[in-house]
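As you go down the protein sequences, you meet chains A and B in turn.
For the first sequence, position 218 (counting from the first letter as 1) is numbered 303 according to the numbering used here, and the numbering increases by one without interruption.
For the second sequence, position 53 (counting from the first letter as 1) is numbered 138 according to the numbering used here, and the numbering increases by one without interruption.
The reader is advised that the hints may include incorrect statements.
Identical chains share a label here; the pair holds if one copy fits it or two copies do between them.
[As the list claims (entries may be wrong)] Here are the computed lysine-lysine pairs in the DSBU-like style, where the Cα-Cα straight-line distance is at most 30 Å:
| no. | residue 1 | residue 2 |
| --- | --- | --- |
| 1 | Lys477 | Lys443 |
| 2 | Lys473 | Lys145 |
| 3 | Lys473 | Lys403 |
| 4 | Lys403 | Lys477 |
| 5 | Lys473 | Lys462 |
What the hints contain is simulated information worked out from the structure, not anything from laboratory work.
Only a predicted model underlies this, so the values are computations on that prediction, with no experimental measurement involved.
Number of protein chains: 2
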Amino acid sequence: MKNIIVGQSGGPTAVINSSIAGVYKKAKELGVKKVYGMVYGIEGFLDENFIDLDDYLSDKKNYELLKTTPSAFLGSCRYKLPKLEGNEEVYEKIFNILDKYEIDAFFYAGGNDSMDTIKMLSDYAKKNNKKQKFVGVPKTIDNDLPIIDHCPGYGSACKYIATSLKEIIRDNSSFPQSRLTVCIVEIMGRHAGWLTAAASLAKGKDCEGVDAIYLPEEEFDIKEFLKRINKLRKTKSSIVIAVSEGIKTSDGKFVCELSSGDRKVDAFGHKQLSGTASTLASIVAEKTGLKTRAIEFSTLQRAASHIASLVDVNEAEKLGMVAVEAANNGDTGVMAIVDSLGNTSTYDIHDIANVEKKVPLEWIDSKKKQMKKEYLKYAKPLIKGQVKIKYKNGLPVHLVRK
Amino acid sequence: MKNIIVGQSGGPTAVINSSIAGVYKKAKELGVKKVYGMVYGIEGFLDENFIDLDDYLSDKKNYELLKTTPSAFLGSCRYKLPKLEGNEEVYEKIFNILDKYEIDAFFYAGGNDSMDTIKMLSDYAKKNNKKQKFVGVPKTIDNDLPIIDHCPGYGSACKYIATSLKEIIRDNSSFPQSRLTVCIVEIMGRHAGWLTAAASLAKGKDCEGVDAIYLPEEEFDIKEFLKRINKLRKTKSSIVIAVSEGIKTSDGKFVCELSSGDRKVDAFGHKQLSGTASTLASIVAEKTGLKTRAIEFSTLQRAASHIASLVDVNEAEKLGMVAVEAANNGDTGVMAIVDSLGNTSTYDIHDIANVEKKVPLEWIDSKKKQMKKEYLKYAKPLIKGQVKIKYKNGLPVHLVRK
Numbered sequence: 086m087k088n089i090i091v092g093q094s095g096g097p098t099a100v101i102n103s104s105i106a107g108v109y110k111k112a113k114e115l116g117v118k119k120v121y122g123m124v125y126g127i128e129g130f131l132d133e134n135f136i137d138l139d140d141y142l143s144d145k146k147n148y149e150l151l152k153t154t155p156s157a158f159l160g161s162c163r164y165k166l167p168k169l170e171g172n173e174e175v176y177e178k179i180f181n182i183l184d185k186y187e188i189d190a191f192f193y194a195g196g197n198d199s200m201d202t203i204k205m206l207s208d209y210a211k212k213n214n215k216k217q218k219f220v221g222v223p224k225t226i227d228n229d230l231p232i233i234d235h236c237p238g239y240g241s242a243c244k245y246i247a248t249s250l251k252e253i254i255r256d257n258s259s260f261p262q263s264r265l266t267v268c269i270v271e272i273m274g275r276h277a278g279w280l281t282a283a284a285s286l287a288k289g290k291d292c293e294g295v296d297a298i299y300l301p302e303e304e305f306d307i308k309e310f311l312k313r314i315n316k317l318r319k320t321k322s323s324i325v326i327a328v329s330e331g332i333k334t335s336d337g338k339f340v341c342e343l344s345s346g347d348r349k350v351d352a353f354g355h356k357q358l359s360g361t362a363s364t365l366a367s368i369v370a371e372k373t374g375l376k377t378r379a380i381e382f383s384t385l386q387r388a389a390s391h392i393a394s395l396v397d398v399n400e401a402e403k404l405g406m407v408a409v410e411a412a413n414n415g416d417t418g419v420m421a422i423v424d425s426l427g428n429t430s431t432y433d434i435h436d437i438a439n440v441e442k443k444v445p446l447e448w449i450d451s452k453k454k455q456m457k458k459e460y461l462k463y464a465k466p467l468i469k470g471q472v473k474i475k476y477k478n479g480l481p482v483h484l485v486r487k
Numbered sequence: 086m087k088n089i090i091v092g093q094s095g096g097p098t099a100v101i102n103s104s105i106a107g108v109y110k111k112a113k114e115l116g117v118k119k120v121y122g123m124v125y126g127i128e129g130f131l132d133e134n135f136i137d138l139d140d141y142l143s144d145k146k147n148y149e150l151l152k153t154t155p156s157a158f159l160g161s162c163r164y165k166l167p168k169l170e171g172n173e174e175v176y177e178k179i180f181n182i183l184d185k186y187e188i189d190a191f192f193y194a195g196g197n198d199s200m201d202t203i204k205m206l207s208d209y210a211k212k213n214n215k216k217q218k219f220v221g222v223p224k225t226i227d228n229d230l231p232i233i234d235h236c237p238g239y240g241s242a243c244k245y246i247a248t249s250l251k252e253i254i255r256d257n258s259s260f261p262q263s264r265l266t267v268c269i270v271e272i273m274g275r276h277a278g279w280l281t282a283a284a285s286l287a288k289g290k291d292c293e294g295v296d297a298i299y300l301p302e303e304e305f306d307i308k309e310f311l312k313r314i315n316k317l318r319k320t321k322s323s324i325v326i327a328v329s330e331g332i333k334t335s336d337g338k339f340v341c342e343l344s345s346g347d348r349k350v351d352a353f354g355h356k357q358l359s360g361t362a363s364t365l366a367s368i369v370a371e372k373t374g375l376k377t378r379a380i381e382f383s384t385l386q387r388a389a390s391h392i393a394s395l396v397d398v399n400e401a402e403k404l405g406m407v408a409v410e411a412a413n414n415g416d417t418g419v420m421a422i423v424d425s426l427g428n429t430s431t432y433d434i435h436d437i438a439n440v441e442k443k444v445p446l447e448w449i450d451s452k453k454k455q456m457k458k459e460y461l462k463y464a465k466p467l468i469k470g471q472v473k474i475k476y477k478n479g480l481p482v483h484l485v486r487k
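Excised from the complex, chain A in its bound form (with noise of 0.2 Å):
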């Protein structure tokens, strides 16, 4: 391969530029003359807006920082490419760019949507007989793309999940029964309670753990809800719920729908959510009388690499040089994957694009609104070390474009 193109699309997470370093790592050593980032994803590629990252990651130590740095260092973007019928002039530009500039793969870290772009590009090379590999990079905190094991990203925002939780159950705890509060943590995720499963990794030795866990997976039942609050405060002087941003009343509508009305949908059709917390607050207070509070982790959950995992930044990186040596090898239209043992490959992106996967049912205690074991054992690996965060006057520090 002469030249290669690197980028990154949808939501940011706190590892997703581990995998660019590692695009970058494999593609060096594999003599790739030039390694070009495309910023903000395919929709800069489109206006032919790239860095050469020799500029950047030629340094050891801005490499090493690269890997810490949160968030999309390329930039992101959330173009989704038109069909190819009566479209043909959007891929043909795409092809002349690539020739223009001699590359010969595309690698692009993403989800859902970031590989459907892969299968569109992948497809239309094989089509009309382009030379050019696509290959996909998984990365996404919902945890949510099929085959591969648990996505790069994941691991991250569950270890952000469980530690701060551990420290608002302790905050929550501080005082008496009498002024108990019921705080409700709201966490991302649409349709896969992925993330929102993993506020049972809270619980431990030293913490009682979430009191109740829902996730979009199954029904919500206020009726439900407020008979568990009522239940729990005869005994607790603590009441901390971790709810999906998801979840959905039996007639089909979203809780937060409840009280703010019908929501905006983004560029994809997503319905876009929030209030999720605050509505069952407002909810809580009225019908119970108990002091409440809403927590949500917003974009934190994605971003804080400081408490990064190191198994999680590990296998970005990792993910991302396999994806180089698969495109090296031939391989085309593919993703790179991982399994439950770290043991990777690649996989048809025809059977991940536009596929999404749920936390399986006969993992989630429905009756004690817990996660079983088989969840816990799933994911306690993917929490595990600490990352070398570089600080600079008390901070973290950060590789940024220039």
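Fit chain B to the supplied structure of chain A, relying on the hints for placement.
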């Protein structure tokens, strides 16, 4: 001193337990027999809800663990002692309990309201020739105690705020200008803007910093705010603004009341606030058509001990020790204090209790809505150094009361 007792009151912090550790350490050095901990502050004291700190802290590992455990290990309360006149029986009860347990000194870690307790009890003791000493140990993330240069708890909260803002700023700048998001981050502080001022610490070589900072020390002008955003959107692809929960408009109304009506008040008559960021985010979305996001740090800013400041943790411990030394030397009705160079001493509680220290107006750049260099010089030393956290299975370990 034969026996002593220590308690915590008010909102918990990331380092208040380090003060309890300091009290224990110095007392043991001085040969104190029993160091009692009152569970749930003065409220638990009245119920004689005591623990013997030897049961936890004679183990050196536990002692170190306590220093990095968030929230109030002993439990806290928001109980305000009634005025002496007409409530003599409460005071008599307290002194009877002190006599019963042969307690010679009473230490209370907290902020303004807690120092009021020390004042009331030491005044009563003097008036009634009681021998017991009463010494305050400063603790408040709000940093609003007078006389003392800065309060234990503040530095760690600043470090959390600046670290999280650096991550949020990276996250928010992922997308091109066409997807510009106005991110409004709400930080604690009813009347004093100390915590919100810490947003200024995020700025550095690797971070553009927040675009504006709004403190409660200055009147909030919604027109100026919208004008600023409309100016920023012309050149920036990301806008991040820090606002204090307690900002008020010219008619004296809290911003969060603009949308949600009047709020409840707590036991001390403080208004319970929340929703300043979401109120502003809604207004910005409506008036500018821009995508907005509201983030509240909520209790995380006072509980995130995993990113505590080493300077802060050590000072909290030291001030606990200073308090015990003072009582041992016969001092009462005082609070342990620290100056800007880390020198410690004690000060008359009457000049401290119920006095609120605000951010000096001359430290605020009203036009740019930024903090001036005087604030940066003041705050930068407080966030220095990282604590060594004990991790188990990828999560920080805490010391918890049985």
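Going through the hints against the structure:
Proximity of Lys477 to Lys443 under the C-alpha cut-off of 30 Å is restricted to the inter-copy arrangement: shortest distance 28 Å between copies versus 40 Å within a copy. For the identical chains of this complex, Lys473 and Lys145 are neighbours both inside a copy (15 Å) and across copies (26 Å), given an alpha-carbon limit of 30 Å. Within a single copy, Lys473 and Lys403 get their C-alpha atoms as close as 18 Å, and across copies as close as 28 Å, so both meet the 30 Å cut-off. In this homomeric assembly, Lys403 and Lys477 come within 30 Å of each other (Cα to Cα) both inside a single copy, at 28 Å, and across copies, at 25 Å.
Both within a single protomer and between protomers do Lys473 and Lys462 lie at most 30 Å apart by alpha-carbon distance, with minima of 26 Å and 28 Å respectively.
Hint check: no violations occur; every hint is consistent with the structure.
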